[in-house]
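S.K.: These protein sequences, in sequence, are chains A and B. Mapping to our numbering: the first sequence position 377 is 377, numbers consecutive. Mapping to our numbering: the second sequence position 164 is 1164, numbers consecutive.
Some clues are possibly wrong.
Restricting the straight-line Cα-Cα distance to at most 35 Å, the calculated cross-link-like pairs of lysine-lysine (DSBU-like) are [claimed, not checked]:
#1 A:Lys448 <-> B:Lys1163
#2 B:Lys1060 <-> B:Lys1091
#3 A:Lys433 <-> B:Lys1161
#4 A:Lys448 <-> B:Lys1091
#5 B:Lys1159 <-> B:Lys1060
#6 B:Lys1091 <-> A:Lys459
#7 A:Lys459 <-> B:Lys1111
#8 A:Lys459 <-> B:Lys1168
#9 B:Lys1060 <-> A:Lys451
#10 B:Lys1111 <-> B:Lys1163
#11 B:Lys1091 <-> B:Lys1143
#12 A:Lys448 <-> B:Lys1175
#13 B:Lys1161 <-> A:Lys451
#14 B:Lys1111 <-> B:Lys1159
#15 B:Lys1175 <-> A:Lys451
#16 A:Lys25 <-> B:Lys1161
#17 B:Lys1159 <-> A:Lys451
For each label pair, taking beta carbons as the anchor points, the in silico distance ranges come out as [as the list claims (entries may be wrong)]:
#18 A:Thr260 <-> B:Leu1153: 45 to 55 Å
#19 B:Lys1163 <-> A:Phe208: 57 to 67 Å
#20 B:Lys1143 <-> A:Arg214: 20 to 30 Å
Hints are computed from structural coordinates only; laboratory data are not their basis. Idealized CB from N, CA, C, for every residue including glycine.
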Amino acid sequence: MQIQASKPVAAEPVSGGFDIMAAVKDAGFAALVTLGLSFPILAFRTQEDISNHLIVVPRWSWPITAAILVFVGRFAAILFRSRPRATRAPTLPKAPSASATFLIRYASWFGVAALIAFPMVMVAALGAGGSLKWINNYGIQILIYVMLGWGLNIVVGLSGLLDLGYVAFYAVGAYSYALLSTTFGLSFWICLPLAGLLAAFWGIILGFPVLRLRGDYLAIVTLAFGEIIRLVLINWTDLTNGYAGISSIPRATFFGVPFTDDDDGFAHLFGMDYSPIQRTIFLFYLILALALLTNAVTLRLRRLPVGRAWEALREDEIACRSLGINTTNTKLTAFALGAMFGGFAGSFFAVRQGFVSPESFTFIESATILAIVVLGGMGSQIGVALAAVLMIGGTEILRELDFLKAVFGRDFDPVQYRMLIFGAGMVLMMILKPRGIISTRTPSIFYKEQKAISGSLVKEGHG
Amino acid sequence: MSSWQTDPLLVVEHLTMRFGGLVAVNNLSFSVGRTDITALIGPNGAGKTTVFNCVTGFYKPTEGRLALARQGIAAAPDVEHLTGTGARHGKSNSGNIYLLERMPGHEIADKARVARTFQNIRLFTGMTVLENLLVAQHNALMKASGYTVLGVLGIGGYKAKEKAAVAKAISWLDKIGLLDRADDPAGDLPYGDQRRLEIARAMCTDPILLCLDEPAAGLNPRESLELNALLRSIRNDHNTAVLLIEHDMSVVMEISDHVVVLDYGTKIADGTPQEIRNDPRVIAAYLGVEDEEVEEVEAEIDMAEKAS
Ligand SMILES: Nc1ncnc2c1ncn2[C@@H]1O[C@H](COP(=O)(O)OP(=O)(O)O)[C@@H](O)[C@H]1O
Ligand SMILES: [Mg+2]
């Protein structure tokens, strides 16, 4: 294996010999490119004047500032890189030892315990009002995406099939619960498996035509499928009420006991004072249970023949066929199971919001879930969970950064820069850890010793 | 009389494969004996890999019939009858007959029990050596896990079946000398080991016919000798017929019982190694390639002759 860090950089002068002219030239060129690129984007601003005509307002300071920033940044980068590198010891690729694997295992149990304690601790520390935001916006929101990420991980991470329309199954699950509960008055616990089954059914429906497709083609068709489901939801107004969505969906109850302030409400029954946080805490545990179920099933499947076949499919489909594996069925099970978990998450979404509309199921949702899976890396369950915390928690954290207003002025709203920050984060990630947060694969079975497999050997699949 | 004439496992008749205007295999007929190691040889581009792809269901032949009789000698009327019914396989007095040209690849491996390796090794590089051998036992394990349903719920005897599958994998690893690499990723193995692992993986499907596409390519002389021993043991101890494509004449002459020679998709010779070695058409076919190669081939044949 090559050790990257110790590779000598021939083109650059060694310590002391920093060539200032070359650096200025390089930085100047970068600044020029920036100027050229930013000129059409930054130098003009369109504005409506009093008579509603669009007028172009020049603002030359913007591209010039950008160019200066790039010049300084580039110059600093060259300066930094030309420093002697002997201090950086070659890093040998680390394979986690048995004790590390044990620690990781221990850590995940610790994590589950912490999650179970989380709402209680929050309420105790911040009170019912203060903790609502943490349990709802952070806890529940992140866990929904963890669950969606785990569901999609079966399709993308394990089976290597690129699915850009996963949100369709989320939508099927949400609308299944919304329609079944409002029309037939079915309870959540009956609707949940039904929604899962319906989503799995649609997973198979999607699976059939796309099985022959690979790579880009598969991605495009799944993308289209996601859009079709959304457009059907918008246009089939008789059933779905179109853009207006379905409201007054029955709220979550504690196995039939409503979270209300009545005599037969949850609080009264258990001799507590009524607080709206009780419903939120229940929802938190509900999604936690659903997510953990997804995880347990997936981890189990990974050690069963079907899971190994998924991974083998990702590695080499032709070899799979030569070993007698029915690749059609194997792909279909991946699609169906991934869709089923998406459907579960969708029902939960509907019961939590009490309202569904097509707006919640746009392509950006699919992209976010896919980004979580890719960021997680190697079909790793823990990686997906970490990535969801990073991506969804990161978005929420941006709302908290009020102190930035003191720096950038009162109008500055960090949430507006969310996508920019994500974009930059993704680019950085691709450079530093191209195979995701967890860049090794854990074998599904071992004979003597469990060794992590380097990401360079693991294929990403062909579709 | 030789095995391929008295007890053929696979009978290929009038196999033709066209790619657009190119005829890669042209009206090829030959048999593979149940207890033989059969070699398919010929210059580069002769259509050998294409024949393999037809036998293992990766290509659908343009024309021809490939009848495999798993248990006994298939009587010609039985094969004719089955062909007439339009079925993919069927029972006859002499056991099941499979018409490979009608079956998809995974069914050929699963039902007709034909396994193969590839000219460019196709291991699951990101999975461990042991995992590779377990994937090969997929269908048996799938049944044992109640098609996943029972396995997820933890009901049924899946654990015991998996243990048996691991034991089988381990015995193969022991045989090919890779036991101490069981937990390493397959992609980390040296080339020669990867070739042997691919053969072991194919053998883990319990095949009745094993097709090897250039198994000795890129092996050093010592590894080549080990391969010969392995192939003999597969034939003798596992009752598996071997059909191999090989360029290395010393290997061909040394281990094969039956040689079929292809040139430009057409069969030019078919017989025992002794017959092939002296066949003027075969020498001419190799002469037609390149001068150096001919000398090489002749020298190899000489050496093989002296050795035997
Ligand atoms: N899928 C294909 N499409 C078009 N031509 C093919 C295909 N597969 C093989 N061929 C052609 O068939 C001929 C025989 O190829 P091949 O069977 O690979 O030869 P060999 O294995 O004997 O070297 C070659 O001319 C090759 O280009
Ligand atoms: Mg070939």
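S.K.: It remains to establish, for every hint, whether it holds in the given structure.
M.R.: Structure-based check of each hint:
In summary, the hint linking A:Lys448 to B:Lys1163 is supported, as the alpha carbons are separated by about 14 Å, within the 35 Å threshold. The straight-line distance between the Cα atoms of B:Lys1060 and B:Lys1091 is roughly 23 Å, inside the 35 Å bound, and the hint therefore holds. In summary, the hint linking A:Lys433 to B:Lys1161 is not supported, as the alpha carbons are separated by about 39 Å, beyond the 35 Å threshold. For the proposed pair A:Lys448 and B:Lys1091, the alpha carbon gap of about 44 Å is over 35 Å, so the pair is violated.
A hinted pair counts as satisfied when its Cα atoms are at most 35 Å apart, and B:Lys1159 with B:Lys1060 does not qualify at roughly 38 Å. A distance of roughly 42 Å separates the Cα atoms of B:Lys1091 and A:Lys459; the hinted pair therefore is violated under the 35 Å criterion. With a C-alpha separation of about 29 Å, the suggested pair A:Lys459 and B:Lys1111 falls inside the 35 Å cut-off, and the hint holds. In summary, the hint linking A:Lys459 to B:Lys1168 is supported, as the alpha carbons are separated by about 27 Å, within the 35 Å threshold.
Proximity of B:Lys1060 to A:Lys451 is assessed by CA-CA distance (about 41 Å); at most 35 Å being required, the pair is judged violated. In summary, the hint linking B:Lys1111 to B:Lys1163 is supported, as the alpha carbons are separated by about 23 Å, within the 35 Å threshold. For a cut-off of 35 Å, the pair hint linking B:Lys1091 to B:Lys1143 stands: about 23 Å separates their Cα positions. For the hint pairing A:Lys448 with B:Lys1175, the CA-to-CA distance comes to about 18 Å; that is within 35 Å, so the pair holds.
Pair hint B:Lys1161 plus A:Lys451 holds up; C-alpha atoms about 24 Å apart against a cutoff of 35 Å. For the hint linking B:Lys1111 to B:Lys1159, the alpha-carbon distance of about 24 Å falls within 35 Å, and the restraint holds. With a CA separation close to 23 Å, the supplied pair B:Lys1175 and A:Lys451 stays within the 35 Å bound. Taking the CA atoms of A:Lys25 and B:Lys1161, the gap is about 69 Å. The hint is violated against a cut of 35 Å.
The suggested pairing of B:Lys1159 with A:Lys451 holds, with an alpha-carbon distance near 22 Å, which does not exceed 35 Å. In this structure, A:Thr260 and B:Leu1153 break the distance hint of 45 to 55 Å, their C-beta atoms being roughly 37 Å apart. Range check, B:Lys1163 to A:Phe208: Cβ separation about 36 Å, and the 57 to 67 Å hint is violated. With their beta carbons about 29 Å apart, B:Lys1143 and A:Arg214 fall inside the hinted range of 20 to 30 Å.
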